[in-house]
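**Q** Chain by chain, the residues:
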Amino acid sequence: MAEATIEHDAVHGLPASHGAHGEYEAPLFGAYSKKVGMWLFLASDSLTFGALLFAFSYNRIYTNPWPTPFHAESIANATIMTACLLSSSLTMVLGVFAAQRHDRAWTRNWLLATMVFGTAFIVLHGMEWSKLIGEGLVLPGFVSLLGVTAPSATGELAEISKNVPQFPQAFFGLTAMHMLHVTIGVIYLGVVAFRKWFLPALAVIWIAAAFLIPSGNVFHYPVHALGMGLLLAAVILFLKPKDYDAHDVEVCGLYWHFVDLVWMFIFPLVYLMSTKVS
Amino acid sequence: MHDVAKHDDAKGQYFWVWGALLVLTAIEVVLGYKQVFSPVRMLEVLLLLSVIKSALIIGYFMHLKFEIALMRWVLVLSVVACFVIMYFFFFPDADRVQPPPNGVGIQQTS
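For the record, the sequence lines run as chains A and B.
Going by the numbering used here, the residue at position 75 of the first sequence is 75; the numbering climbs one at a time, nothing skipped.
Position in the second sequence (first residue = 1) + 1000 = the numbering used here.
Keep in mind that the hints are not guaranteed to be accurate.
Restricting the straight-line Cα-Cα distance to at most 25 Å, the calculated cross-link-like pairs of lysine-lysine (BS3-like) are [claimed, not checked]:
id: 1; chain 1: A; residue 1: Lys34; chain 2: B; residue 2: Lys1011
id: 2; chain 1: B; residue 1: Lys1034; chain 2: A; residue 2: Lys131
id: 3; chain 1: B; residue 1: Lys1034; chain 2: A; residue 2: Lys276
Keep in mind that the hints were calculated from the coordinates and are not lab data.
Quantities reported herein were computed from a predicted structural model and do not represent experimental measurements.
Excised from the complex, chain A in its bound form:
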């Protein structure tokens, strides 16, 4: 990667060879192009989540009464999920430092720890989803699109789904989008940390999950997102095999921290503002 090997002026962000006529153009914002590209992507992605959060807030404010279905158990679960993401951001930072020390082993270890926290978040979130769906919080589209077994529950959440469909729409739409981002982030981390050796592990996880998740479960079809991630990662790794350097780890970290950042708004808006006080 040419941009990663150009020596830059540390203060002005200009190439060291500045002055040699037309040799290099000064980098935008004094940062290497991959980092600027990721920042621009994150700025655009923040608008996606911003629109979803605005839509949720719109529903929240202009729907009266707004359901408050989250008991202490759900809040505790979401708090643990938040702690997982915050801790994953710390391990990501430590991974970036290790990469810049050229400490390959610790870079891999910290990235693996980040992946473990991210996977824990996805699993906890999946369990929460399954519990809510089992208690009757569903959308009509789930049944036809994902083949979800319609729960026979008749409790509070079933009533919410029937009378205030804005709640499951906003809740599942927002959290599904975030969960997809976390899943992509874990695959991204795996590719950067383990390169092509990550592919067989991802294939095993995908196939095992596809067989183990029952057909009535909401994740039975979405789990094939792992297969799509596998295909994409394989194309990238085989078309452009490379040894990811500290810049790649830092850019990957930017994406991961963004996923954490978005959850800092979803958690209070979606969970804490819908807390059931017992």
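Starting from the structure of chain A, add chain B where the hints point.
**A** Chain B alone, transformed into the frame defined by chain A:
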């Protein structure tokens, strides 16, 4: 140009930031679960805490604090401007479609 390697000696600050984020999260949970404020005030307080947390994440974990001023200002101002425009598109129209009952639409939880 910022190089993160230069900040390796300040690694401890990232543990402080992580701790601060956990403490702020705990405060949010207590405020949310105990329903200390009215819902509208609660929304304001929780959003304020979220903005503080996101500033810590962007500034330290994403290292924007250590980037050059041009990059900081261009990124932050452009995203904030987009959110402001989005706000003016969404909420006046929401008022037109369905006026909030009693001026405040947030349900007071029992």
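**Q** Taking the hints in turn, state whether each one holds.
**A** Going down the list of hints, with the structure as the test:
1. Lys34(A) <-> Lys1011(B): The hint holds at about 24 Å.
2. Lys1034(B) <-> Lys131(A): 24 Å, holds
3. Lys1034(B) <-> Lys276(A): Answer holds: lysine 1034(B) to lysine 276(A) is near 10 Å, not above 25 Å.
Of the numbered hints stated above, none is contradicted by the structure.
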